[in-house]
Structures are given as C-alpha cells and as structure tokens.
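Chemist: The primary structure of each chain is shown beneath.
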Amino acid sequence: MAATTDTADAASQTSLTRDQLHEIYYYLQLTRQLENLLTTLYRQNKVIGGLYRSLGQEATAVASAYALQRRTDATGDVVAPAIRDMGGLLVMGARPVDFLRQYMAKGDSPTWGREQNVHFTDYDRGFIGLISHLGVMIEVMAGVALTFKLRGEPRVALAWSGDGMTSTGAFHEGFNLAAVQRAPLIVIVENNGYAYSTPVSRQTAAGSFVERAAGYGAFGEQCDGNDVFAVHDMVSRAAARARNGEGASLLEVITYRRKGHAEHDAQAYVPAGEIEAWEAKDPVVRYERTLLEQGHATQEELDAIAARVATEIETAREEAEASPMPEPETALAEVTGGTFVPQPWTRGGAPDPRRA
Amino acid sequence: MATIEQSMKVREKPEHVRNTEEGRPVTMLEAIREALWEEMERDDSVFVIGEDIGVYGGAFKMTDGFLDHFGPKRIVDTPISEAGFTGAAAGAAHMGMRPVVEMQFMDFVSCAYEPLTNYIATSRWRGSGPLPIVIRGPVGGGVRGGPFHSQNPEMAFFHTPGLKIVYPSTAADAKGLLKAAIRDDDPVLFFEHKKLYRAPFLRETLPADDFVVPLGKARLDREGSDITIVTYGMMVHESRKAAEQLENEDGINVEILDLRTLLPLDEAAIIESVKKTNRVLVVHEDTRTGGIAGEISMRINEKAFEWLDAPILRVTSLDSPVPYSPPLEDYFLPQVSDIVAACRYLANY
Ligand SMILES: Cc1ncc(C[n+]2csc(CCOP(=O)(O)OP(=O)(O)O)c2C)c(N)n1
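Taken in sequence, the protein lines are chains Z and X.
Per the numbering used here, residue 6 is the first one in the first sequence, and the count goes up by one each step.
Per the numbering used here, residue 47 is the first one in the second sequence, and the count goes up by one each step.
Do not take every clue at face value.
[Claimed, not checked] Computed spacing ranges between beta-carbons, pair by pair:
1. M344(X) with G250(Z): 26 to 36 Å
2. E87(X) with P204(Z): 42 to 52 Å
3. H62(X) with A285(Z): 49 to 59 Å
4. P204(Z) with M141(X): 24 to 34 Å
5. P356(Z) with G297(X): 19 to 29 Å
6. P60(X) with P358(Z): 29 to 39 Å
7. E61(X) with E268(Z): 24 to 34 Å
8. G353(Z) with G297(X): 24 to 34 Å
9. E332(Z) with G117(X): 48 to 58 Å
10. T22(Z) with G117(X): 33 to 43 Å
What the hints contain is simulated information worked out from the structure, not anything from laboratory work.
Using N, Cα and C, we set each Cβ at its ideal position, and we do this for glycine too.
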C-alpha cells in the first residue's frame, strides 16, 4: 500500500491559498527564530536542561500540523509531539512564551516548572505533553484515536515519531492496536538520519519505515520531509482517510537533523560533508524560493513576515525572562488530586514526627 | 601479516583507562570505566550492549574508546529497545556469555521491567541455572534532568526476589563492586549516581591490583557513637556533611553506614551499628512511601527493638515525581539541613 509522492510539482498543484502559504512561512520562521533564540539563551545558561533542535526538519512538523483541523475549544484534531516538533505545536496554537518558560523552568510555564521543553499539554488547542520514554505516546495517541472512533467524532490523532522511537515495543503495540481498531491515528516517522548517534541503518534492517505499514495492515506513504507541499499533501490525504473511517496511517518523511542530539553533542559520528550537503536542502530556504519562483509571494512580503516574527519573539523573550522561578512549596501540589501528605523531615512536613 | 582482530588486540589502551595503572587518581566514572575494561580484558565472554555505546562512547562517555579496542562483537550498539536488549542479554547469558547492559539513563529500565522481573529474576530459581547479567546506568537527581532523567528506581526491583542491587558511593567501591557484579552468577542491577560520576571530591588513587569488593557487605563510612545513619549512594556524602556539622556544632558523634549493596541487604551490619549507637536515621534519595527506609526500619524493629533509645527516623525525597526547576528540585531532594535536624531530634529524644 506504500506510495511515494512525486515532489517535483507538488507546489504548483497546491490547493493552499496565498494567505495560507504565507501563514506556513510565518510558522517556519517562528520555529527557526525561536530555536535560534533558545540557542542563545542556552549559551547564556538560561536554559536549565538540554536543548533539542529541529534545524533542517522544520517543514515536517509545521506542514503536517497545518494539514489538521486546528481549534481552540477542544474540538479539533489532537497531536503528540516528539522532542523536535515544537513547530507543529506552534501551528496548533502554542505560544512562543510557553516554550521559553518551559526551557527556562519558570514558575508560570505550562507545567509550573516541573517539566521541560515541549513536554506540556493544551487540550483546547489539541496537544498532549509527552514523557521522555520513547514510544509511550504512540500508545496514548492510539487511545485518543480510539476515543474519536468510539464517539463517532470526525477527529484525527497524530503522533510524530523519530526513526529511533520506532524500535520500541511501545511503538509497535500502540500502532498495531490502532490499526486493528481502524482508529483514526496518523503516525509520522521523521526519518532524520540519526537517533542520538545511531544511524538509521543500525535502527532498522529494512531500508525504510514506510514498508512496515503493510505489516500492520495500515496505509503507508513516504515523502520528502523538506518539501512543505509534499508533507502537507500527504498528511491531508491521511487525515481525510482517517476521518472517513479508513483507519490508521504510517507516514514516513525523509529529512535530516543538522544539529546534534542536543546542544552538547558535537556530532563527531557524522561523516564529513553530510551536514553541508543537507544545508543545501534547507527546507525554509527551499520554501522561500518556491514561493518566489511561483509567484506566491514577493521578497518584501517574506521579509515583512520574518520581521514580524522577530518582534513577536523579542516580546516573548522579555515576558519569559521577567517570569519568576516557581515557589518551592508548589512542588507539593497535585501529585494525585491534592492528596499529598507532608511527611516529617521533608519540606512541608512538621519536624517532630509525633506532631506531624 | 596481522589480521584486523590481532592488530586490535595489540593496540594501546587509551589514556583514560590507564589512570590506576599509572598511579593517578580517578573519578567514579573513570573507576567504572576501568572496571569494565579490565573485566572485558580478563574474560572474553563479557560484552557490553546498549544505545550509542559504540562510536559515540555512550551518553556519559563510559565506553569511550572501547569500540576501537574490543570491536563491534563486544560493544554492541542497539536500536532503542530496552526490553529487547535486556531480554536478549538473558539469552546470551544462557549461552555462556556475561552481558553488561547499559541503560542510557536508569529511568528507562522501566521499559525492561518485564524481562527483568519475570524472566531474569526467576530464571535460576526455575532451574535454568545461573544468569550472570549486569544492568548498569546513571541514576539520581540534582542535575535538573526533570522527571524522566533523575529517578532512583531501586524500589521497583528491591521487591523482586532473584535480583541483586548495587549502589556505590565512592570511586573505589564503584570499581570493586562492578568487578564483583560482572563476576557474579546472578543478575545485578548496578546504579551509578550521575552527580557523582565526575565529582572532583571523589577522585582517589585506587589499588593497582585486581581488587574486588564483595556484594552484600556494607561499609562503615564514618565511625561514631551517638547516632547511626544508614544510607547509600549520593546520600552518603550529604550525610557526611551533616555529620561534620553535628560534630562541630553539637558534639554529636554520627556513625555512617554505607550499604553499598541493597540486595542482598547487610542486615547484620545495620543491627550491629544500631546496638552500638541506639539511635538510627535512614537516609535515601528515593521517594519515601514504599522506600527502602521502611524495610530497614522494620528489620531493626524486629531484631534490635530493645536497643533503641528513640524512634527510627527517615529523611527521603518527597512523595512526588522529580521536578525540573531548581527551586522545586531542591525542595524535593533531601537536604543536609534535614539530616542535621533529624539527628538533633534523635539526640535529644
Ligand atoms: C525508552 C527510551 N530509551 C532511551 C531514551 C534516550 N533517548 C532520548 S532521545 C533518543 C534518540 C531518539 O531518536 P529518534 O526517535 O530518532 O528521534 P530524533 O532525536 O532523531 O528526533 C534516545 C536514545 C529514551 N528517551 N527513551
């Protein structure tokens, strides 16, 4: 059932309007500029944990989320990101300041400083915060999709996965369950060359991931992940099928992680010249070029969008930097529905056990 | 002409696994690396399996340089499949190998809960013979790693008969215990606190000979007469700081017992110390409810109740996931001031 999209004319056949094309450009710029800012903040030691960038693969997350039904009242499609899908969450409606606060561990971050980076939830805008343990979100999203099917709602669940994540038992169990149930689940495998330092050739003995779709009895399709149009078309088709009751899809995009696993990773395992070769295929530059060549935008329009993004991000940075760190005692709230019982000799507990 | 395999064998040891040989002090990370290297040299059936351990040398660079020397048959890079490679380690052990499984972070051992608790832990008991596997990796908080890169998952396994659990607190112990674990015929979980890996204060010059620290024996870290602190891992060092403060400010003389091995638990050493000091505080970084302190207290209750002059107390992390933001994580983790306060309470009881 695997099909490969011919990406050469994807742009000229697009059904996207001029405004939509500009909006996609806005999100591509937003993703890239926000990550650039995060890198600066990381170097200034203002990012508390690691920083995981999507440089070179922004088109995938942005264009795939753009193909979904996006709402702000908990009635739209629902996505679960992997670590490099901030762009997709921005499209769903997450605010740049949310990510800045998450990375800087601020008290008014969406997780009140308890969790980091893209690990947060907004049901209204349709995204669910992941945990680090790879594969679990495929199971969770199978349940989201199953719910849509059980309730007869024309909604779609989409999960992004790295190539590495596909090797977990959880990925297989989750996807297989959705496939068997003909639940409206779309999984996009972002084949970006590496999982930490492990090349795809050491992750799977098969040449590609899309081949697995047939094994699950699901629909499979592969495309160039650096081509906004191809990704958008492919996900639009999968979403239409899912809404139509045609079940789960396993989509594969071919892209590349130009930065290391995280900022601390010097990428010594990458063969010489490989990163440069992919730099030449930069998805944002490529999209700009296509818009200009095909008359979908003028250089002035694109510059204006990039400038607007820069201003928005600067405002978000100021807001996030001014945000307070969390109050220590807030660590105690909501472990399970407010039932935390303070214990002696831990913070929040009376020092004398007889009076605790 | 030498074959590739032969020329690999004669290649020089990398600088960073020659510290002890050349009389230089090592960090805990270097001590563990040396133990691993020496055991691989000593016994061809020892091999390492895990994620990114080859060219990259592991997320914490534990196996840096190993691939060049030992080759891909002994440094096996895996897909992201903790359940898969832990189960596979069992199969290899059945066939006479001694696998050392690296968890990139011990948090991910939860994915291998199934093969570990059901298959591996019951194997010898069910008559399938010894199962020499070591599962090792970084644990612990205080590094702003958030809830999934900071856990202390010992209690999920402490309750499983058939496993051994080791949690060293010094460089020498880390090396000696890892060697013992690799040579042990039972499955051993080996916990390495990531905050201790490169801690400069742990640097020590190790004995040049092939020394092994036996599993199941606690170590008297500090002798004292007034209060016993039973602890392990990172909290040995926090307890030491507390003991020094108590000595200086209150004249309270604290004894610190470093368990080193949690399973089997050195109950005799605990009871002996309690009989001497009559007051006991159990300190661990793992969360409180269902934590190991409960088990230790109960054993003391059963075997040394008459010797107690005060209730057994415990200082632990809060009953919550590990928070990411520094003020929250510091609030969550046991602090030296908590240990000091609890000891003062015990002393004045
Ligand atoms: C079960 C589990 N094992 C190990 C890890 C550590 N880890 C975090 S990200 C990562 C690599 C992920 O690779 P991939 O899924 O390809 O995503 P990419 O980083 O390439 O976007 C690893 C091994 C983890 N998070 N979860």
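Chemist: Each hint: holds or not?
Modeler: Do the hints match the structure? See the list:
{"no.": "1", "hint": "M344(X) with G250(Z): 26 to 36 Å", "in the structure": "57 Å, violated"}
{"no.": "2", "hint": "E87(X) with P204(Z): 42 to 52 Å", "in the structure": "29 Å, violated"}
{"no.": "3", "hint": "H62(X) with A285(Z): 49 to 59 Å", "in the structure": "38 Å, violated"}
{"no.": "4", "hint": "P204(Z) with M141(X): 24 to 34 Å", "in the structure": "28 Å, holds"}
{"no.": "5", "hint": "P356(Z) with G297(X): 19 to 29 Å", "in the structure": "21 Å, holds"}
{"no.": "6", "hint": "P60(X) with P358(Z): 29 to 39 Å", "in the structure": "52 Å, violated"}
{"no.": "7", "hint": "E61(X) with E268(Z): 24 to 34 Å", "in the structure": "27 Å, holds"}
{"no.": "8", "hint": "G353(Z) with G297(X): 24 to 34 Å", "in the structure": "30 Å, holds"}
{"no.": "9", "hint": "E332(Z) with G117(X): 48 to 58 Å", "in the structure": "53 Å, holds"}
{"no.": "10", "hint": "T22(Z) with G117(X): 33 to 43 Å", "in the structure": "58 Å, violated"}
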